[in-house]
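Going down the list, the protein sequences come from chains F and Y.
Heads up: the first sequence begins at 1 in the UniProt record's numbering, then just goes up one per residue.
Heads up: the second sequence begins at 1 in the UniProt record's numbering, then just goes up one per residue.
Check the hints yourself; a few may be wrong.
Given that identical chains are not distinguished, each listed pair holds provided it fits within a single copy or across any two copies.
BS3-like, lysine-lysine: derived pairs with alpha carbons at most 30 Å apart [as the list claims (entries may be wrong)]:
| hint | residue 1 | residue 2 |
| --- | --- | --- |
| 1 | Lys6 | Lys237 |
| 2 | Lys6 | Lys305 |
| 3 | Lys88 | Lys237 |
| 4 | Lys88 | Lys196 |
| 5 | Lys196 | Lys380 |
| 6 | Lys278 | Lys305 |
Since the hints were derived computationally from the structure, they do not count as laboratory data.
Number of protein chains: 2
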Amino acid sequence: MEDIAKVERFTVSEFQSRVSRAQQAMREHQLDGLLVSSMDNIRYFTGIDSTFWESYARPWFVLVRAEGDPIAIVPEIGRSIMETLWVKEIRSWPSPRRDDDGTSLVIQAVSELPRRFGRVGAELGMELRVGMPVSQVLDIMKGLQGVELVDGSKAIWQLRMIKSEAEVARIRTAIDIAGGVYDTVPDFVRIGDTEKRIQREFRARLNSSGASSIPVVICRSDIGGPFEITGGPRDRKIADGDLLFIDTGTTFDGYYCDYDRNYQVGDATDALLQAHEKVWQANEIGLKSVRAGVSAASVFQAMAKVLSSGEEDLNSNGRMGHGLGLRVTEPPSVKVEDQTVLQAGMVLCIEPGLEYEPGKIVLHEETVLVTEGGMELLTKRASRQLPRIY
Amino acid sequence: MEDIAKVERFTVSEFQSRVSRAQQAMREHQLDGLLVSSMDNIRYFTGIDSTFWESYARPWFVLVRAEGDPIAIVPEIGRSIMETLWVKEIRSWPSPRRDDDGTSLVIQAVSELPRRFGRVGAELGMELRVGMPVSQVLDIMKGLQGVELVDGSKAIWQLRMIKSEAEVARIRTAIDIAGGVYDTVPDFVRIGDTEKRIQREFRARLNSSGASSIPVVICRSDIGGPFEITGGPRDRKIADGDLLFIDTGTTFDGYYCDYDRNYQVGDATDALLQAHEKVWQANEIGLKSVRAGVSAASVFQAMAKVLSSGEEDLNSNGRMGHGLGLRVTEPPSVKVEDQTVLQAGMVLCIEPGLEYEPGKIVLHEETVLVTEGGMELLTKRASRQLPRIY
Numbered sequence: 001m002e003d004i005a006k007v008e009r010f011t012v013s014e015f016q017s018r019v020s021r022a023q024q025a026m027r028e029h030q031l032d033g034l035l036v037s038s039m040d041n042i043r044y045f046t047g048i049d050s051t052f053w054e055s056y057a058r059p060w061f062v063l064v065r066a067e068g069d070p071i072a073i074v075p076e077i078g079r080s081i082m083e084t085l086w087v088k089e090i091r092s093w094p095s096p097r098r099d100d101d102g103t104s105l106v107i108q109a110v111s112e113l114p115r116r117f118g119r120v121g122a123e124l125g126m127e128l129r130v131g132m133p134v135s136q137v138l139d140i141m142k143g144l145q146g147v148e149l150v151d152g153s154k155a156i157w158q159l160r161m162i163k164s165e166a167e168v169a170r171i172r173t174a175i176d177i178a179g180g181v182y183d184t185v186p187d188f189v190r191i192g193d194t195e196k197r198i199q200r201e202f203r204a205r206l207n208s209s210g211a212s213s214i215p216v217v218i219c220r221s222d223i224g225g226p227f228e229i230t231g232g233p234r235d236r237k238i239a240d241g242d243l244l245f246i247d248t249g250t251t252f253d254g255y256y257c258d259y260d261r262n263y264q265v266g267d268a269t270d271a272l273l274q275a276h277e278k279v280w281q282a283n284e285i286g287l288k289s290v291r292a293g294v295s296a297a298s299v300f301q302a303m304a305k306v307l308s309s310g311e312e313d314l315n316s317n318g319r320m321g322h323g324l325g326l327r328v329t330e331p332p333s334v335k336v337e338d339q340t341v342l343q344a345g346m347v348l349c350i351e352p353g354l355e356y357e358p359g360k361i362v363l364h365e366e367t368v369l370v371t372e373g374g375m376e377l378l379t380k381r382a383s384r385q386l387p388r389i390y
Numbered sequence: 001m002e003d004i005a006k007v008e009r010f011t012v013s014e015f016q017s018r019v020s021r022a023q024q025a026m027r028e029h030q031l032d033g034l035l036v037s038s039m040d041n042i043r044y045f046t047g048i049d050s051t052f053w054e055s056y057a058r059p060w061f062v063l064v065r066a067e068g069d070p071i072a073i074v075p076e077i078g079r080s081i082m083e084t085l086w087v088k089e090i091r092s093w094p095s096p097r098r099d100d101d102g103t104s105l106v107i108q109a110v111s112e113l114p115r116r117f118g119r120v121g122a123e124l125g126m127e128l129r130v131g132m133p134v135s136q137v138l139d140i141m142k143g144l145q146g147v148e149l150v151d152g153s154k155a156i157w158q159l160r161m162i163k164s165e166a167e168v169a170r171i172r173t174a175i176d177i178a179g180g181v182y183d184t185v186p187d188f189v190r191i192g193d194t195e196k197r198i199q200r201e202f203r204a205r206l207n208s209s210g211a212s213s214i215p216v217v218i219c220r221s222d223i224g225g226p227f228e229i230t231g232g233p234r235d236r237k238i239a240d241g242d243l244l245f246i247d248t249g250t251t252f253d254g255y256y257c258d259y260d261r262n263y264q265v266g267d268a269t270d271a272l273l274q275a276h277e278k279v280w281q282a283n284e285i286g287l288k289s290v291r292a293g294v295s296a297a298s299v300f301q302a303m304a305k306v307l308s309s310g311e312e313d314l315n316s317n318g319r320m321g322h323g324l325g326l327r328v329t330e331p332p333s334v335k336v337e338d339q340t341v342l343q344a345g346m347v348l349c350i351e352p353g354l355e356y357e358p359g360k361i362v363l364h365e366e367t368v369l370v371t372e373g374g375m376e377l378l379t380k381r382a383s384r385q386l387p388r389i390y
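Same shape as in the complex, but just chain F:
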């Protein structure tokens, strides 16, 4: 078993370009620096590939400065791997250290920044998490003099929402890996298989197809459609009349795919087939409505029109799509309230759904790259007719 899926490593100029764009965003948002501590943002700026963040014992930090290269402030155990990357200035301490787990090093580095605005952005806001306890964020805030730690989420997402070609290549690969496995589902799944067995075999195939990691494989079935789509797989055996729903967030070199597929198990009712057709059509309209210059909200509205005469119950899951990248969901949200203007280079999951009867959900999801004139479909479009399991 060898890795078939391969991409060229990110070049140093890729990271330099990200930093340069970050510096542009800092000027716009009046920031002297960006302090990041989450796995995804540290990876974004340094290229580190690590699962060490699964442990909450030690915080890691990167300070992206308004001028010059970023500084890595990492536990001593992380110094060696950081030295293999492009960031040159690395400061470290023997972590975990309860009373000062990098706090004073971070305060010092932030204090050394040339002061133009007296503000440094941190991962305080929308769809971001910090890689340290909240009490440490508060300690850093208190320890800074003449510099304020403010919400840097707008600057961060302004950057990360627009993907480089090299980033899109990774998302494409993750999608292709999952797509190949989705195609084989009718071959390896039989009536009577449990959700757990199906999930395990699906995961085995993702693994052997070259997935870097497999954080999410949702596998839910019920008569006419799953009643919910957030939980783990059960011992339930799929049966005639079910709709089998599989959704995966699989990564390749750090970047996610996120899309689902539906399978008709044995015979389906007319109500299910009609709901499926409606959602498939809504997806079609949603895909066609994407292009640079329109709002995320307008994509939602285009799909909502297909799904409903009014807009009743369409927003109970809050949205019908989202961004995709180093996280399985990223801004923007495809929803009425999100006026984000789509730009070329954004990658979006377009995800209309319908609870066509109480407890029976049909959900479709495709992924697109936004282009100037429209979009490029990254997923292999789901067939209009439900694939069938016997």
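Chain F is fixed; fit chain Y onto it per the hints.
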């Protein structure tokens, strides 16, 4: 392929017992409630099995009250799964909602708590993360009147550090799954295999052996020992003279194992074999030093004596062990500064390590259940002689 590894589902009385212990801890720490939002703490109190938290789009909350059952405050998309669990009071809102993503519901629920101390604990401190943006924590703090949101980490870890029999059963199963795969490494790994290939095959075997998820498989090799142990697998081919290091955090029904194994690739130098013997002996001493009533620090010191005449350079990774449970690392830390007194029911990873030459690490890790008179070894003890790969 069927699931061989099985355990009985957690009973409702298991969760009631956790809540009852939480309420005892709240009295000790003068808290009127515990507000949790992280995946692991929500799972601890409700039993939810979900990977939905991989998305940062929607926060989930559980408020554990000083009296009565907990209240779940969850996005509408999460209501259906929450209704299948034991928690009866469920409040929800259409998330994601940018201006009030559950904040007012949380403030309301906290405000309804009978006030005895005027303090509610949240996941603000040691080895905890919140499942919402920091700005939302600050909004909740500001919105509360007459109740203060304080660091609840001591109360939370006081609870979670002591595992029930049902929790230990899950850790045991995760360990047995990984242990079975470790035993087969000399069978399926050959000189010339890449780290990536070895990691992928290791993961395939964990998956087919019944792992619920496989968040961490570290696979690093270098001549005489890996120079670092935090990064992802490389295209490097293992070669004669290497030490191959594999470390996995694999879960079963939410609970982790976390332990490593080392393999001699071809011939080893005397220096490596001596270092290995020293670390193996340190582990032996560490295991023997564990029992209820001694401090975590004393276990560290027992191992440090074997590894070094002084205590030079032993603490560069900060510690030689840690707790284990719903996270891959949990308190306490096996380190000089951690005076936590070990209690029966704690599960500890005992992990002495040595950088015997610059850039050559030997690390051993075993897992024990602390008992009144000593400990029960949960891992199958690593052989004193390095297993060999040809």
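Of all the hints given earlier, name the ones this structure violates by number, lowest first. 2
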